[in-house]
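Engineer: Read off the chains here:
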Amino acid sequence: MSRASVALAGAWQDRRRFLLSWFALPMSLVVALALGAVMMLALGANPISGYNALIVGAFDGSYALGATAVKAAPLLLVAVGICVAFRANVFNIGGEGQLAMGGLASSATAIALPHLPSVVLIPLVLLAGAAGGALWGAIPGAFKAYFNVNEILSTIMLNLVAVQVMNWLLAGPMVDKTQNSTYGLIPETELLPRSSWLPIIVPNTQLHLGVLIAVIVAVGVWVLIYRTSFGFRVQAVGLSRDASRYSGMPVKRTMTVAMAVSGALCGLGGALLVFGSISHRMVTDGSLTGFTGSDGFNGIVVALFGALNPLWAIVSAFLFGGLLVGGDALQVATGVPADMVTALEGLVVIFVVSLEYMRRRSRATAVAPSGRSKAPPSKAPPPESPPPEAGAGDGSLVAAGERADP
Amino acid sequence: MSHFFTYAILTATVSAALGLATPFLLAALGETIGQRSGVINLGVDGIMLLSAFNAYFTALKTGNLFYAIVVGMGTGLVMGVITAFISVTLKAEQGISGIGVYLFGLGFSDLLFIKLVGTPLPINSLNPIDIPLLDRIPAIGGMFFKQTILVYLAFLLVPVVTFLLNRTTFGMKIRASGENPAAADSVGVNVSRVRWSAVLIGCTMAGLAGAALLLYDGIFMENLTQSEGFIAVALVYFGAWRPVGVMGGSVLYGLAIAIVLEWKSLGIIPLSASDLAATAPAVITILALLTVARRFRQPAALGKPYERGG
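Read top to bottom, the protein sequences are chains A and B.
In terms of this note's numbering, the first sequence opens at residue 5 and continues consecutively.
In terms of this note's numbering, the second sequence opens at residue 68 and continues consecutively.
Here chain A stands alone, though its shape is the one from the complex (with noise of 0.2 Å):
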């Protein structure tokens, strides 16, 4: 290779590791809408209508904004949980049951102090929605830190368990027994109340408290990870648990606790849900996402687009939230079914981790700027074992070269 391609080649190496730091995700969004649009078009309906309708109904006006800020709010918390596990290495997946489980505990303790002035009560039931997700996160994470159980799985099963038992929860001893229907009791609760509800702060809207509670604690998270002792900790055992084993690090705790705090900010996600409801009562239809609308689910897509920082998934929640409100918009304009959406955030997910590795591999060669012919990626230094003050900004996927066991 002469000198000036080698400076070509470098310069080209500058530009692609640019465009991929700084357009990956935001591609990824565009060109999964692109494909949305063939969908469209494939089925009869006329994409810039369609896209139009959904940022009219996501976006356009006070109360769509509102709605949008209202739907976005606990799949914000949801992806800031995943964020926090996500820094002890952990994937966690169970947003659904947390969520669920949150919701329970915070119609049960609303349920069973109605006489509470709200300034106490209000509080009190965001805590035990809290508390409820805590213990249905910290039962996989004890199971991943203790006896090495794959997370993912078992989070999953935990969700189909938390749907079971609020299933059964709502139908028998929670349902709201006052209802008169002739075709049997709807799986709901009674009317939650009235000091339990979040109040509204933007008039004509729903944009309630719990909205600025979210933003508040995520911002909160973001502090706890990349400022405190706690946040360093978390991060190390994420990075590397043997040398944090050997710094004297309580390796297994770190990561039960992690996801405890995980399961704690999906579980304040499920309270929101039920407390910021315009039923004002804990629903669900029998059906797996009955309860939750999958913002479980949502919630992975909300962390993956915010790169995985609890300050970037504030924006990237009210993005998502506003498709999610918008979808619907979308059905109604052009008859394309809301789940077209989901799939949307399907492909989001597959082309975020896909040009991680194009990214990860870029930034690799760009530290050897003569090109791989010479020095090839392996033997750079791993790129992705930054200094805590570095995940800021990086969105690395792996949290260290060894995510050994998924």
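Source of the hints: derived by calculation from the structure; they are not laboratory data.
Computed from a prediction, not measured in an experiment: that's the story for all the values here.
Quick reminder that beta carbons are idealized off the backbone N, C-alpha and C, glycines included.
Be aware that a few hints might be false.
Computed footprint of chain B on chain A; a stretch qualifies when at least three of its residues, placed anywhere within it, have a C-beta under 8 Å from a C-beta of chain B [stated by the list, open to error]: (1) 76 to 90; (2) 140 to 152; (3) 157 to 168; (4) 295 to 307; (5) 357 to 365.
Given chain A's structure and the hints, the job is docking chain B onto it.
Structural biologist: Same frame as chain A, now just chain B:
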């Protein structure tokens, strides 16, 4: 309780359990092949959903169940190409990309269902085939030898996959790629190609599993699988990556579901507690994961993309 142990009910329960176990078994056997080569595919549920819908649509339009099964497998194969490209060629994080495939399958199958079919119509079901002579054996015949072709096929695949993995060159390459891809590479095994093939076979079987589930239920609806694909992945761990173990897990799971259904209809489990009883299979799986993780070792390179010199 005494009702349960009558001859007819016991036979019916075991017979139903095998039918219920078949989709799990097909999907889990396919996943076993993939995991032995080092690729964990969490998109099984999404693949099953898409295959089930495509098979359903084919059955509705043509009325031919054979075409439906073929289309289901074909859908699995296409999704296998996508999965292998993401996991093997692009070396993406497999735990997460599988969730992407799942969400895509979930959303897209329901999108197609609502748009193309709308109101669910039942399709024909597969006729059970009686195995001559064997079906006359008292009790045993009614339990095991009056099943559909897919049930026989699934259980026949257990020894076939065992043989493939343990007694063929291709199987040895699969196991080597899953245990020590660098060593396999150094003796001339094309790790990428082996993993591609393993994933394609696994996903085709997931497609067949989707078709089998559809034909067992006889109708398609939103989220037909109810996370069965994820359970199939868990059953691979349950069976400690061995086809016979996977079969044991699938049958146990099928039995648990069949017994809960049977006891519910007999009134042994009160209707109010039936949701609670339905958690039994998932709880059993979690407990099994706990014991298996302590006693067996997963393929050493499971979930790790292979990179030369890496």
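Engineer: Now tell me if each hint is right for this structure.
Structural biologist: Each hint tested on the structure:
{"no.": "1", "hint": "76 to 90", "in the structure": "violated (count 0)"}
{"no.": "2", "hint": "140 to 152", "in the structure": "holds (count 3)"}
{"no.": "3", "hint": "157 to 168", "in the structure": "holds (count 9)"}
{"no.": "4", "hint": "295 to 307", "in the structure": "holds (count 3)"}
{"no.": "5", "hint": "357 to 365", "in the structure": "holds (count 5)"}
Checked against the numbered hints listed earlier, the structure breaks hint 1 alone; every other hint is satisfied.
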